[in-house]
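Asker: For reference, the chains in residue letters:
Number of protein chains: 2
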Amino acid sequence: MCEANAYLRKDGREELFLEMVDKVVPHEEGLMLEDIFGRRKIVKARIAELALVDHKIVLEKE
Amino acid sequence: MCEANAYLRKDGREELFLEMVDKVVPHEEGLMLEDIFGRRKIVKARIAELALVDHKIVLEKE
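First to last, the sequence lines map onto chains Z and F.
For the first sequence, my numbering gives the first residue as 938, with consecutive numbering after it.
For the second sequence, my numbering gives the first residue as 938, with consecutive numbering after it.
Check the hints yourself; a few may be wrong.
Each pair may be met inside one copy or between any two copies, as identical chains are not told apart.
Said to hold, decoys possible - Below, computed lysine to aspartate or glutamate pairings styled on DMTMM-like, alpha-carbon distance capped at 20 Å: (1) Lys998 / Glu952; (2) Lys960 / Asp948; (3) Lys960 / Glu997; (4) Lys993 / Glu966; (5) Lys947 / Asp959.
Worth flagging that the hints you see were computed from the coordinates, not collected in a lab.
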């Protein structure tokens, strides 16, 4: 499987926000993340960086 | 391997921009994409969407 873990960058630190993320799509309140089980989380943030071989998505608060 | 193909969205269509992308990081001119072989491309765009199980990154021109 080719999912990644999403981290939220805050004050220079990265906190795990959602594991095994499949989709990230724009949402009226920021971004909607969906994991491989279909669980969804919304966050007021943007995608800052990707490191897919390391299974990593870094989000930054808007 | 857990890379994805990056597509650039233009006028509602998606054009393949770079295959087998590992890293996407901010760059002074937009984004720097690096594939799993270390080849790099720079584009004035932002990350719009991800669909990782489909190995897909969608970029949008800024």
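Asker: Compare the structure with each hint and give your call.
Answerer: A quick look at each hint next to the structure:
1. Taking identical chains as interchangeable, the C-alpha atoms of Lys998 and Glu952 lie at most 20 Å apart only when both belong to the same chain, with a minimum of 12 Å there against 29 Å between chains.
2. In this homomeric assembly, Lys960 and Asp948 never come within 20 Å of each other (Cα to Cα): the closest approach is 25 Å inside a single copy and 22 Å across copies.
3. In the homo-oligomer, the alpha carbons of Lys960 and Glu997 lie at most 20 Å apart both inside one protomer (17 Å) and across protomers (16 Å), since each shortest distance falls under that limit.
4. In this assembly of identical chains, Lys993 and Glu966 lie within 20 Å of each other by CA distance neither inside one copy nor across copies; the values are 22 Å within and 23 Å between.
5. Proximity of Lys947 and Asp959 under a CA criterion of 20 Å is satisfied in neither setting, with 22 Å inside one chain copy and 23 Å between copies.
Checked against the numbered hints above, the structure violates hints 2, 4, 5; every other hint is satisfied.
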